[in-house]
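The sequence shown begins at 0 in numbering that gives the first Met the number 0 and counts up by one.
Be careful, since some hints might not be right.
What the hints assert, rightly or not - Derived DSS-like pairs (lysine-lysine); straight-line CA-CA distance at most 30 Å:
id: 1; residue 1: Lys-245; residue 2: Lys-203
id: 2; residue 1: Lys-228; residue 2: Lys-138
id: 3; residue 1: Lys-170; residue 2: Lys-210
id: 4; residue 1: Lys-203; residue 2: Lys-174
id: 5; residue 1: Lys-14; residue 2: Lys-43
id: 6; residue 1: Lys-210; residue 2: Lys-245
id: 7; residue 1: Lys-31; residue 2: Lys-210
id: 8; residue 1: Lys-170; residue 2: Lys-243
id: 9; residue 1: Lys-174; residue 2: Lys-245
id: 10; residue 1: Lys-243; residue 2: Lys-228
id: 11; residue 1: Lys-174; residue 2: Lys-196
id: 12; residue 1: Lys-174; residue 2: Lys-243
id: 13; residue 1: Lys-43; residue 2: Lys-31
id: 14; residue 1: Lys-140; residue 2: Lys-14
As the list claims (entries may be wrong) - What follows is a set of in silico ranges between Cβ atoms, one per label pair, in the way DEER data are often shown:
id: 15; residue 1: Thr-180; residue 2: Ser-152; range: 46 to 56 Å
id: 16; residue 1: Lys-245; residue 2: Asp-18; range: 36 to 46 Å
id: 17; residue 1: Ser-152; residue 2: Ser-41; range: 10 to 20 Å
id: 18; residue 1: Thr-222; residue 2: Pro-190; range: 16 to 26 Å
Calculated directly from the structure, the hints in this document are not laboratory data.
Where is the CB? At the ideal position from N, CA and C, for every residue including glycine.
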Amino acid sequence: MENMPLIVDTDWLEKHLDDPDLRLLDATVIMKQGETGVEIESGKGVYDEEHIPGAVFADLMHDFSDQNANLPFMAAPHELFAQKISELGVSDESYVVVYDRGAVVGAPFTASDWASRLWWQLRLEGFDNVAVLAGGLPKWKQEGRPLTNKPGSYPKGSFTSERRPELLATKEDIKAAMNSTSTVMVNCLSPAEFQGKSDVYPRKGHIPGSKNVYFGDVTDTETKGLPDKQRLQEIFEPSGVLDKNKRAITYCGGGIAATWNALALAMLGRYDVAVYDGSMNEWASDESLPMETGE
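Could you build the full structure based on these sequences and the hints that come with them?
Pasting the structure below:
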């Protein structure tokens, strides 16, 4: 499908469910606040219970993360990604819709950042024909649309795209960006985390020079997807990230929420946003790296 939109709604998806070129991927990861902190588990169990008809499960925790990295959810190497996405049926000529069950269990907002994570990984590996389902499975269910527990399957695909390394930011890129007037860094965590009023990560605060745009604010209460372009403009304009003459990098805790803001910025024409994959998990763990608190 040419000119695939970045976000599709439930009506659109239901009309296209039987399209032979569609590849529907359930990228659910279950993240919830436990007694000892944040607990994360694969969404495979809930996929097995119910999912949108035809969808196959894309395991972000295992298949699409680098299992040799010392941090969780680091992008899989290109060859592994190409192998795993081909096994799910994705070919160069496919078009892909990704959905999830929301960012965090019980969150008051509807950012589908696990789906946007796979959207970003597909784009990182050179594939553009991909959209995120606004509102994900919760909206689909709320509207009484069909569900199944029958596993989906597609014929094996042939994924031959090449990686775009410019969409991936490293610790070295961030070190350089701190002292650069030609790069804008956007921290996508909550204002409390940004300002150092919470201790979720090994050290409090944010990377010096970065601006705060909380990913939880980048949603639309009605569509459950992204706000319209005018509202997005208002949200991101103060950060300076819309200046196309500057490199844009988003980061968060572990490179997940940052992809939701990258998706939003793509809606405004910034398809070149890089995501700092290690994010605060990496940065805050390194005592030699500077941190700032406050606004």
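Hints, verified against the model:
At most 30 Å may separate the alpha-carbon atoms for a hinted pair to count; Lys-245 and Lys-203 meet this at roughly 27 Å. Taking the CA atoms of Lys-228 and Lys-138, the gap is near 22 Å; set against the 30 Å cutoff, the hint holds. About 17 Å separates the Cα atoms of Lys-170 and Lys-210, which keeps this hinted pair within 30 Å; it holds. A hinted pair counts as satisfied when its Cα atoms are at most 30 Å apart, and Lys-203 with Lys-174 qualifies at roughly 18 Å.
With a CA separation close to 26 Å, the supplied pair Lys-14 and Lys-43 stays within the 30 Å bound. Under the criterion of a C-alpha separation no larger than 30 Å, the hint pairing Lys-210 with Lys-245 is consistent with the structure, at around 14 Å. Proposed proximity of Lys-31 and Lys-210 is supported: the alpha carbons are some 26 Å apart, at most 30 Å. Our distance criterion of 30 Å between C-alpha atoms is met by Lys-170 and Lys-243, whose separation comes to about 22 Å.
Of the supplied pair hints, the one linking Lys-174 and Lys-245 holds, its CA atoms being roughly 16 Å apart against a limit of 30 Å. Only pairs whose Cα atoms come within 30 Å are accepted, and Lys-243 paired with Lys-228 is accepted, the gap being roughly 16 Å. Simply put, Lys-174 and Lys-196 have alpha-carbon atoms about 24 Å apart, close enough for the 30 Å limit, and the pair holds. Straight-line distance between C-alpha atoms of Lys-174 and Lys-243 comes to about 21 Å, which keeps the hinted pair within the 30 Å bound.
Distance check on the hinted pair: Lys-43 and Lys-31 sit about 16 Å apart at the alpha-carbon level, within 30 Å; holds. Proposed proximity of Lys-140 and Lys-14 is supported: the alpha carbons are some 16 Å apart, at most 30 Å. Roughly 51 Å separates the CB atoms of Thr-180 and Ser-152, a value that falls within the hinted 46 to 56 Å. The supplied range of 36 to 46 Å is met by Lys-245 and Asp-18, whose beta-carbon atoms lie about 39 Å from each other.
The given range of 10 to 20 Å is respected by Ser-152 and Ser-41, whose C-beta atoms sit roughly 19 Å from each other. With their beta carbons about 24 Å apart, Thr-222 and Pro-190 fall inside the hinted range of 16 to 26 Å.
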